[in-house]
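Q: Here is what each chain is made of, one letter per residue.
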Amino acid sequence: MKDSLKNSIQKKFENELLSNEQLDSLMQAQDKLLHQRDTTTKPVIRYASFFSLAAVVVFSCFLLFNKLEIRKDMPFAIASEVAHNHYKLKPLEVESSVLNEVSQYFTKLDFKPVSSAVIDPQQLTLLGARYCSLQGITAAQIRYQTEDGKLVTFYEVPYDENIYSAFPMISKGEEPVVSYANGVGVKMWVEKGLLMAVTL
Amino acid sequence: MTHFDKDELQLLYQYGLSLSSNKDLAYDLLQSTLERCLRLKEQPDKPMAYARTILRNLFIDHHRYLTKVNEEVYEDDVVSLHIGMQPLEDMMIDRDELDKIWAFLKPFETEVLYLWAVEGYSLEEVAKQLNIPKGTALARVHRLRSKLKNLLHHSQQGDTA
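Sequences listed follow chains A and B, in order. If you read the first sequence in this note's numbering, its first letter stands for residue 9, the second for the next number, and so on. If you read the second sequence in this note's numbering, its first letter stands for residue 127, the second for the next number, and so on.
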């Protein structure tokens, strides 16, 4: 049946359609293209991003290097802190010659102060204790006195190798490490899960 | 540039089909056109016209068919605008005949027919889309009418195959 040329062409193309699958595929492709276009950064931003990243890497390396250096000098750092506090002689918060009574005072610690095999109680008199810190970690500062009247400052703090680096372990038969700061010798070791430090 | 909706995709596909007479090629041309268009960050005034131009250029790149056509260029005149697409308007044909003769038409001829019949373009709009003077467009339309009549005549005699 004859129809106008225009209508016949229209009818011809009415049947020439993309399938639903093709349409969906093209719609998804468009979304993907738009996303790619919008997330593509301009060269200036790209270079800025590159230099920012480079700066972060350099700074991170600097920090890491310094951290390693700090870790390498951790005994000295702790000795310095211990010596500093030793000279300051801040007032004791609890005074007792009995270690058990002193230990009971430290209710805010995550550990209980204990005696050490390195400290000879026969040669020292316990005076008392106070809260303190080592490298930012809350510690127990215990003060002793020798027979000749010399004050000895003893520290106990939970031991974390990631924070304090490796220290000699008494349980493994290792000898304490000694470092000097401000003219004071400080002996340091790990015992019963605690990092301990005592002035000489 | 924002994306095209499904109706617009169908029209662009049909336009590609009018040029290529090949479904796979029309689909490929449409995909490439979308890639080109969506690279634009700013929206063209007429996104569909822009997309058709891209698609057409891609097709020309694909076939280089225009290089084979030595067509005279006719200047615009008042007569051509007045006549418009009239030479095609009064032609009568049935679907089978159309399908037979369609295969004998050149891409730019099927393109003109598509733009006129499906997109509803006037002669002026066809000329603008094809980037040719209106006089040239009218000359094409006249030649197209002659060719269609000739093909139709042979089709009715059964010797177009």
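Heads up, some of the hints might be wrong.
What the hints assert, rightly or not - Estimated spans, in silico, between C-beta atoms of each pair: (1) A:V66 with B:D131: 47 to 57 Å; (2) A:S60 with B:D131: 32 to 42 Å; (3) A:N28 with B:A229: 20 to 30 Å; (4) B:M174 with A:F67: 45 to 55 Å; (5) A:F67 with B:E161: 52 to 62 Å; (6) B:H188 with A:K10: 55 to 65 Å.
Derived from the structure by calculation, the hints contain no laboratory data. Positions of the beta carbon are idealized from the N, C-alpha and C atoms, including for glycine.
Q: For each hint, tell me whether it holds in the structure or not.
A: Evaluated hints:
no. : hint                          : result
1   : A:V66 with B:D131: 47 to 57 Å : holds (50 Å)
2   : A:S60 with B:D131: 32 to 42 Å : holds (40 Å)
3   : A:N28 with B:A229: 20 to 30 Å : holds (28 Å)
4   : B:M174 with A:F67: 45 to 55 Å : holds (52 Å)
5   : A:F67 with B:E161: 52 to 62 Å : violated (41 Å)
6   : B:H188 with A:K10: 55 to 65 Å : violated (35 Å)
Going through the hint list in order, the structure does not satisfy hints 5 and 6.
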